[in-house]
Amino acid sequence: MELYVSEFSKYVITLLIALYTYECFAVFRFSDEDRRKGIYTRQNILMFALHFSCFIVICFETGEISYLFFYAFQQIILYAAIVLFRMLYPKSNRLLINNMCMLSSIGFVILTRLSPEKAIKQFIIVTGSLVVALIIPFFVHKFKFLKGLKWIYAGVGITALSVVLILGQTTYGSKLSYSIAGITFQPSEFVKILFVFYVASALYKSSDFFDVFTTAVIAATHVIVLVCSKDLGSALIFFVVYVLMVFVVSGKFIYLLAGGLGGSVAAYIAFKVFTHVQVRVQAWQDPWSVIDSTGYQITQSLFAISSGGLFGLGLFKGTPDSIPFVEADFVFSAIAEELGILFAVCLILICVSCFVMFMNISVRLNDKFYQLVSFGLGVTYIFQVFLTIGGGTKFIPLTGVTLPFISYGGSSVLTTLIMFSITEGLYMIREDEADALRQKKKKAKRKKKRKAVSEEIMDMDDEWADREESDEEIDVES
Amino acid sequence: MKKSMSNPKENRKTKNKTRRHIMTVTWLFTILFVGMIGYITYYSMTHQQELINNSYNGRQQILLAKNRRGTIYSADGDVLARTVENESGEEIREYPYGNLFSHVVGYAVNGRMGVEAQANYYLINSNAPLSEKASLDVNEAKYPGDDVYTTLNVNLQQVASKALGVYRGAIVVTEPSTGKILAMVSKPDFDPGTVEQSWDELREDSEKGVLLNRATQGLYPPGSTFKIITALEYIRENPKTYNNYSYNCTGAITRGEDRIQCYHGTVHGQVNFSRSFAKSCNTSFANMGLSLDRDQFEDTLNTLLFNSELPLSINYSQSRIDVNADTSDSDMMQASIGQGTTAMTPMHLNMITCAIANQGTLMKPYVVDHVENSAGNVIKSFNPVTYRKIMTEEEAAILKDLMADVVTEGTASKLNGLSYTAAGKTGSAEYGTVKGDSHAWFTGFAPVEEPEIAVTIIIEGAGAGGDYAVPIAKRIFDAYFEE
Chain A
207 MELYVSEFSK YVITLLIALY TYECFAVFRF SDEDRRKGIY TRQNILMFAL HFSCFIVICF
267 ETGEISYLFF YAFQQIILYA AIVLFRMLYP KSNRLLINNM CMLSSIGFVI LTRLSPEKAI
327 KQFIIVTGSL VVALIIPFFV HKFKFLKGLK WIYAGVGITA LSVVLILGQT TYGSKLSYSI
387 AGITFQPSEF VKILFVFYVA SALYKSSDFF DVFTTAVIAA THVIVLVCSK DLGSALIFFV
447 VYVLMVFVVS GKFIYLLAGG LGGSVAAYIA FKVFTHVQVR VQAWQDPWSV IDSTGYQITQ
507 SLFAISSGGL FGLGLFKGTP DSIPFVEADF VFSAIAEELG ILFAVCLILI CVSCFVMFMN
567 ISVRLNDKFY QLVSFGLGVT YIFQVFLTIG GGTKFIPLTG VTLPFISYGG SSVLTTLIMF
627 SITEGLYMIR EDEADALRQK KKKAKRKKKR KAVSEEIMDM DDEWADREES DEEIDVES
Chain B
2 MKKSMSNPKE NRKTKNKTRR HIMTVTWLFT ILFVGMIGYI TYYSMTHQQE LINNSYNGRQ
62 QILLAKNRRG TIYSADGDVL ARTVENESGE EIREYPYGNL FSHVVGYAVN GRMGVEAQAN
122 YYLINSNAPL SEKASLDVNE AKYPGDDVYT TLNVNLQQVA SKALGVYRGA IVVTEPSTGK
182 ILAMVSKPDF DPGTVEQSWD ELREDSEKGV LLNRATQGLY PPGSTFKIIT ALEYIRENPK
242 TYNNYSYNCT GAITRGEDRI QCYHGTVHGQ VNFSRSFAKS CNTSFANMGL SLDRDQFEDT
302 LNTLLFNSEL PLSINYSQSR IDVNADTSDS DMMQASIGQG TTAMTPMHLN MITCAIANQG
362 TLMKPYVVDH VENSAGNVIK SFNPVTYRKI MTEEEAAILK DLMADVVTEG TASKLNGLSY
422 TAAGKTGSAE YGTVKGDSHA WFTGFAPVEE PEIAVTIIIE GAGAGGDYAV PIAKRIFDAY
482 FEE
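For the record, the sequence lines run as chains A and B.
Per this note's numbering, residue 207 is the first one in the first sequence, and the count goes up by one each step.
Per this note's numbering, residue 2 is the first one in the second sequence, and the count goes up by one each step.
There are no misleading hints in this set.
Computed far set for chain B versus chain A, every beta-carbon distance over 12 Å:
(1) 77
(2) 89
(3) 97
(4) 100
(5) 213
(6) 265
(7) 271
(8) 317
(9) 323
(10) 386
(11) 393
(12) 406
(13) 422
Here chain B is said to cover these stretches of chain A; the calculated rule only asks that three of the stretch's residues, wherever they fall, bring their Cβ under 8 Å from a Cβ of chain B:
(14) 209-221
(15) 518-529
(16) 558-572
(17) 587-600
Source of the hints: derived by calculation from the structure; they are not laboratory data.
Ideal placement from N, C-alpha and C gives every residue a C-beta, glycine not left out.
Modelling step: build the complete structure from the supplied sequences, incorporating the hints.
Structure, rendered in C-alpha cells:
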C-alpha cells in the first residue's frame, strides 16, 4: 500500500505543479484582475491539492499520522492569508499572493522531510511574517513621504551592515548575523529593501551624472562593507540591483557597460585578494578534484540533483541530508532529488512568473519612484533565486544565499514577504492611477463635447496613450 | 508636476524609454533562466550514471541495501554473474564460469571492472513491477536489480581462452557490421569470485599485471600488422600508381647507420605492392615509408584514432605513435613496420580491422546489449552506433584484397583452403633488447565477401604471428562457422 501511494503520488504531485505553473503564465493573457479570477481559483485548488498530497506521502512514509495536524495548521494559516489579503485589499494582485503561499507550502513540505523541528520554527516565522505582511500594503499605499527619505535609507542600511561587520557572529567564515534578545538577525536581508528604496528615492527625479555618481559612492559603501563581512552573495545582489536600476532610470546603455566592466574588474581583484573567493571559484571549475574538502558540498548537491530523474525518488526515498546545510543553501537540490527534475523546473518557473509580475507592475506604474521600487525589488528577488539555484547546480560559483520562501531562515522569509507585500502596495497605487486617469478622461470627453480643449487635457490624453502603449508591451511579453 | 506639464512630449518619451528598458531587463533574466533550466535538465539527465558510480556518492550503498544486484547474462542467456545468498544468509556474487570472463565481465568488490563497472547503474537499480515490489515489501525482502544482457558468446570465449592456453596475451572477437564484442580474453586471468580474498596478492603483483585487461589496456608494438596502415597511407598518396610499386628486397635496407632487416633475414627478391604486403617484407615497407609525406601521414593516423580517445566505454589505454614533420628517416623506417616507439592496444587494431571489413565505417564497439527488469521487460536497449567513416569504401576494398592475399599466398596460409574464406595480416613484433624475441600478432576477418567476425590476437613472446597467432584465429573461425 505504502509503495503504491509513494509511486502514484510522484506523478500526481508533478502533474499538480505543472498545471499550477501553467496557470502562473496564463495570467498574463489578461490585463485586468477581474478576468483572471478563474485562474486564481484554479491555482488555489491546485496548490491545496499539492500540499495535501505531499503530506499524505509524508504520513505514509513516516507512519506518523500526527503530521496531518501540522499540515492542518499550515493549511489554515495559508488559507487565512489568501482570504484576508482579498478582504483587506480588494485591489491587490492575487498571483503574487498565490505564489507566496505556494512557495511557502513547498518550503514546509521539504523542511518537514529534512528536519521537522526546523519546519515548525519556519512555520512560526511564516505566520508572524504574514501578519506583518498584511499591514505593509496599507502603509505603502498611504504614506506618500516615502520618496523623501533617501538619507535615512542609506544611513540605516550602512549602519546595520557595519554593526554586523564589527559585532557580528562569525558563521563558517562569514559575518552574517547578530542576536538581540535571543533572536538572530541577518541584517543584509532587510537592508536589501532599504537599498532599493534608497536608489529609487535618490534617482527618481533626475539621473544626471552627478546623481549617479553620488549614489554609486553610497552603493559601493554597502558592497564594500558586505565584502569585508565575506557575504559575497549579498554584495553581488546589491551590485547588480544598483547597476540595473541606474540603467533603467537613465536609459543609457553606457551605465550597463560601465557596471559590467567595473564589476569584472572588482571581481578579478576580489579573486586575487581573497582566498575564500579563489576557493569558491576552484570548487566551481572542478569540484571533483577537491571532492573531500571545498568541493564536497557542491558534489553532494550534484549527486542529489542527478539521482532524482524526471519524477524524483519520492519524499523520504533519497538522501538529501548528505549535503551539508541542505535546508538553507541547497534546498533546491533536495527538491530535485525527491520530487524530481520536472517539479524543480516548475518551481523555477513559478519564481520567474513572480518576477515577470513585478516587472509588469513596474512598467505600468506612472510614478517613477514607485516604478523604480517595484523594478528594484523584482530584480533583487530574481537575482537571489538565480544565485542560489545556479550555485547549487554548478551553473555559477556558489555564493551561499537562500531560496526565497523555501529555504529555512527567518530573516530570509520575513524579508521576501515584506518585498512581496510592498509590491502589493505598489500594485494598488497603480490601480489608483488607472482609476484617476479613467475619471479624467471621462471629464475631458465631456469638456471636448463643449469644445473647450485645454492644454491640460491634451497632456492627460498623452498620459493615457502612454498607458495603452505599455499595456500592449505587456501583452507581447505574456 | 508643473515641470512635466511644460513639456509633455519630452516627458512621455523618457517614460517610454524607461519602460522599454524594464522590458529589456525582463527578457535578459528570462533568457538567463531558460539557459539555466536547460543546463540543469541536461546535466541531471546525462550524468545520472556517472555520478552514481562515484565513491563519494552514498546513494549506491542505499540502493544496494534496497535492491539485490542484478544478473549479467551472455548473448544466449547463460549466467555470467549473479548474486545469491549463502547458507548464513549473506549475499555473495557468483561467477559460474570462474576465470573465463575475468576481465570483460569483471568484478564488483574493491572498486569495479568490466561490465560490472560499466553497467553498475542498471544492476543496482530495480525496475521490477510494482506488484512484485509490493509483495516483496510484505516479506521484507530485497527488490531484484535489473538484469544486463551482454553481446558475449560463451562458446567463442571458451575456444579463445583455451587456444591462448598458458600464454600471456589477449584476444578480441567482434562483429564488424555492428560493433558487438563477441569475446574478449586477457591472460593471465583471475577468478572474479575470489577477488576479495586474493585482493592484496592481485594488487601487489606488478610483474604479471593480472588485473590489466590486455585487450583494451595492453600497449604492444604492432609490428607488421601496422603495415595495413602504412599501405593505406601509400595508397592515399599514390591513388593511381600504387600498383606500379616495385622493390628489390635483399633482406636488409640501410639508411645512414640504421639498418632494417626482414624477419629472420629472409630475402624476398623483386616484390610489388601486393606481394610486399602478403610476404610482410620489412625492407620494402621501410622503403615505402621513406617516400611518405609525414604531415599527411600524421593526419591519417589521427583519423585512425592514434594518440586520441577511442569510442569505447570500457577502460582502455590510448595508442601511441610519433610521426610528424620532424620525424627522422630512421624513425620513419621503424614506424612504417610498426616498431620503434609505436604502441597499440589489441582493441584499437581490431577496430581498424573492423572498419576495413565494414566498407570503411567504424561501428562503436559495445558489450552491453540490453537491460531487462525482473519480469523480462526491456528497460533499455543499446543499438549499434556508427562512429565514423575512417577510410573510403575504395580504400577499404583495396586493403581487403591485400589482406585476402596474405591468406591465399602469404604469411597466413594456414587459413587458406577452408570452408570459409578469410583475410588478415600477421605480425611478429620485436620487443625488449634480445634480438628475436617477438610477440605473435594476427588481425583479420571472415568470410572475405561478407565479413561476419573480426579477430585480433596477440600472444606475448611466442614468436612469429604466422606460426602461433594464425592457428588460434583458425580455431575461432572454425568454432564460429560450425555453429
